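If you read the sequences in order, they're chains E and R.
Just so we're aligned, residue 1 is where the first sequence starts under this note's numbering, counting upward by one.
Just so we're aligned, residue 1 is where the second sequence starts under this note's numbering, counting upward by one.
Since the hints were derived computationally from the structure, they do not count as laboratory data.
Some hints could be false.
Since the list gives no way to pick out one identical chain from another, each pair is judged satisfied if it fits inside one copy or across any two copies.
Below 16 Å or equal to it, Euclidean Cα-Cα: the simulated EDC-like pairs (lysine to aspartate or glutamate) are [as the list claims (entries may be wrong)]:
no., residue 1, residue 2
1, Lys326, Glu353
2, Lys382, Glu116
3, Lys26, Asp143
4, Lys375, Asp386
5, Lys326, Asp299
6, Lys285, Asp362
7, Lys210, Asp299
8, Lys370, Glu256
9, Lys375, Asp143
10, Lys326, Glu349
11, Lys324, Asp231
12, Lys326, Glu108
13, Lys215, Asp386
14, Lys427, Asp231
Small disclaimer: the values here were computed from a predicted structure and weren't measured.
Protein chains: 2
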Amino acid sequence: MSQTYIVDLKNNVGKSVTIKGWLYNKRSSGKIKFLQVRDGTGIVQGVMAASDVSPEVFKQGDGITQESSLEVTGTVRADKRAPGGYELTLRNVKVIQIAEAYPITPKEHGTGFLMENRHLWIRSRKQAATLKVRAEIVRAIRDFFDDRGFVLVDTPILTPAACEGTTTLFEVEYFGDKAYLTQSGQLYNEATAAALGKTYCFGPTFRAEKSKTRKHLMEFWMVEPEIAYADLDDVMKLSEEFIVFIIQRVLKNRREELEILERDIAALEKIKLPFPRVSYPELIKLFKEWGHDFVDGNDLGAPEETVIGEKFDQPVMIHRFPMKVKAFYMKADPKNPDLALCVDVIAPEGFGELIGGGQREDNLKTLEKKIKEHKLPANAFKWYLDLRRYGSVPHGGFGLGLERTVAWLCGSEHIRECIPFPRMLYKIYP
Amino acid sequence: MSQTYIVDLKNNVGKSVTIKGWLYNKRSSGKIKFLQVRDGTGIVQGVMAASDVSPEVFKQGDGITQESSLEVTGTVRADKRAPGGYELTLRNVKVIQIAEAYPITPKEHGTGFLMENRHLWIRSRKQAATLKVRAEIVRAIRDFFDDRGFVLVDTPILTPAACEGTTTLFEVEYFGDKAYLTQSGQLYNEATAAALGKTYCFGPTFRAEKSKTRKHLMEFWMVEPEIAYADLDDVMKLSEEFIVFIIQRVLKNRREELEILERDIAALEKIKLPFPRVSYPELIKLFKEWGHDFVDGNDLGAPEETVIGEKFDQPVMIHRFPMKVKAFYMKADPKNPDLALCVDVIAPEGFGELIGGGQREDNLKTLEKKIKEHKLPANAFKWYLDLRRYGSVPHGGFGLGLERTVAWLCGSEHIRECIPFPRMLYKIYP
Chain E
1 MSQTYIVDLK NNVGKSVTIK GWLYNKRSSG KIKFLQVRDG TGIVQGVMAA SDVSPEVFKQ
61 GDGITQESSL EVTGTVRADK RAPGGYELTL RNVKVIQIAE AYPITPKEHG TGFLMENRHL
121 WIRSRKQAAT LKVRAEIVRA IRDFFDDRGF VLVDTPILTP AACEGTTTLF EVEYFGDKAY
181 LTQSGQLYNE ATAAALGKTY CFGPTFRAEK SKTRKHLMEF WMVEPEIAYA DLDDVMKLSE
241 EFIVFIIQRV LKNRREELEI LERDIAALEK IKLPFPRVSY PELIKLFKEW GHDFVDGNDL
301 GAPEETVIGE KFDQPVMIHR FPMKVKAFYM KADPKNPDLA LCVDVIAPEG FGELIGGGQR
361 EDNLKTLEKK IKEHKLPANA FKWYLDLRRY GSVPHGGFGL GLERTVAWLC GSEHIRECIP
421 FPRMLYKIYP
Chain R
1 MSQTYIVDLK NNVGKSVTIK GWLYNKRSSG KIKFLQVRDG TGIVQGVMAA SDVSPEVFKQ
61 GDGITQESSL EVTGTVRADK RAPGGYELTL RNVKVIQIAE AYPITPKEHG TGFLMENRHL
121 WIRSRKQAAT LKVRAEIVRA IRDFFDDRGF VLVDTPILTP AACEGTTTLF EVEYFGDKAY
181 LTQSGQLYNE ATAAALGKTY CFGPTFRAEK SKTRKHLMEF WMVEPEIAYA DLDDVMKLSE
241 EFIVFIIQRV LKNRREELEI LERDIAALEK IKLPFPRVSY PELIKLFKEW GHDFVDGNDL
301 GAPEETVIGE KFDQPVMIHR FPMKVKAFYM KADPKNPDLA LCVDVIAPEG FGELIGGGQR
361 EDNLKTLEKK IKEHKLPANA FKWYLDLRRY GSVPHGGFGL GLERTVAWLC GSEHIRECIP
421 FPRMLYKIYP
């Protein structure tokens, strides 16, 4: 029996179709039973009247439990009152398997319980909607760079050296050697940008951080573009265009999912170019005006990101942080060598840092000195220094965290719902 | 100074442009110097006549070493004899950095040396072409599934249990627990397919195999679709359509790169639907006819893949292998329970297995028995068994190895050239 997906019902009004899916919910009212069926693309209500089906099929309806698998055949009817706008007048129901008592019932459950049943929880409407928005964001990200001539390069996950310190690294035994799970593809991207001009990587990254916040995962996805012959201004311009592109795409293709998630869509619709630009020294002044207690010279923390997110309804680009709070590879601002040519993009509504990026140090001598100052293993960075030895150019890029972006666009309180199977502190099941 | 990319010269004939790149090669002939410049999007020859530039610029030309970074300004001229079809009549050359003596010269180098300098080797024409074909294949893969309603789900890299045995797993210390780097997202995909209907994952996978062949990497990318309500025939049909889609896309968008790689393009152009289908029992007969020594009941090895690849000029779908050589989750053929409802797709020209897939066991009792027989840790598979407890449906999918596909399409002898930074036995630098 050929299968029609619920998402395609709009093209099949008046026709007889077969939906293959699972029972989402049911109720009955005298001689009529209402079966809500989901198939992964949507949910549709099947209306089964005793007069339309065989007595066996009608009777069987009572025994179909939540999440039982079934194939329902019926005629598609447009009905504005129906969720999704369509209903099925059922002619037949074929049960594939009667499900055991499903652990996730329509009543409220604690998050710990739901996370233990993550493999089932993703079947629920809001979780599925979040995963679809995530997939849409991934496609938007890839289209943005592919259409602008960036070449995708998959940088390695197993790496010999640390990009930023070693305390938050997952260690792997590699045939007698020590290897680490990557925290960023940036250093490799600097090599590929020198080979291919404009490149990006987009893959999983890892951080063995003993923190249990709503904004941290041990394993998360990050997209990192890198451009040869680019400066901080280029990086900032690309960042804001990129974020607006993603939002527009999601608003266009996933509005229904945003509605399921009860997202304040107006807050996303008002995001527009250009984003406010605030230098770190300017930010210090603003913090004073706002009465926010902050030590000049420190890096921003979660409280600062929250304050900034409340004061602006647009993403804000904070640029030129003090050199000493930033990574060794950052280039100093020639106009003020205490400041780095870098930028953090902070989301509105308290969703925190979306992007970190900047211009890279391209002078061999300066970089050698920095590596020494940061007490990094010189040997592991030999190839990285080669990039400054053989045709060094001004270059830069940024990294955007996927799950943070999903959380922002979906309005998710907790980042763990923004990835199919989150990896958190002490939690690696399922 | 605004930048034009070499790939866009065709739209700038007669205009003055600035190319920002690196010196690929040079030669001189009396009062004319020829600078070949690459910028990642292509290579163009700049012709510098003593009469067209200042004496300082002309003289400086002698000192520009291979891979020095430079900006060249000149007028675009169409010239059929020129590689790429265009030349620049130079008016100015600005050197950004004079490169030290570049280790990779136009002479021949050993592969070991080139792999030690992988971060520089990717700048060469053939390596860059391979990486561009790879990026094109990735985009084709994602478009194929996205356009057919599959939802991308990123399955976890850090996993608590092994999909197929534990001897080839990389182990990671996870906050006092043991975790392993994933070898496949399939089991998770079975959960997401039950939630979303049609899904796919596409990420890095790992295999700690002590083998040093031309076809193995420790870290490689794999795409794995999974479909609820699908049987082996659906999986086979999707496999062949998928492979033809990828080839057509690469032939359309990356012909120039295939030519740089001296690929036999005709061999790719003749790949067409449907692919030959050969059952394992039929294959045993064919091996006898061909005089190839093979023990009935064994799995295929590299010699068998080579023989099959020589006898067909199309990818071949070998289906229904003996149950006992296949993984525990395979469904037995109801018509012959000794055979599994599975398929391997073998590439022509000796490029080996591209795809492995099939229909999954969907019966709870049978699967519980299988897990016991294979001595797998029951606890780790509790969630996986839940999928058969709550609305089990016939379902299936496959996995395609990215680097194998790149190797085939590029005609690469060695898979290590098909990923930017390969991870091989004892080799994790750069």
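Exercise. So which of the earlier hints does this model not fit?
Worked result: 3, 4, 6, 7, 8, 9, 10, 11, 12, 13 and 14
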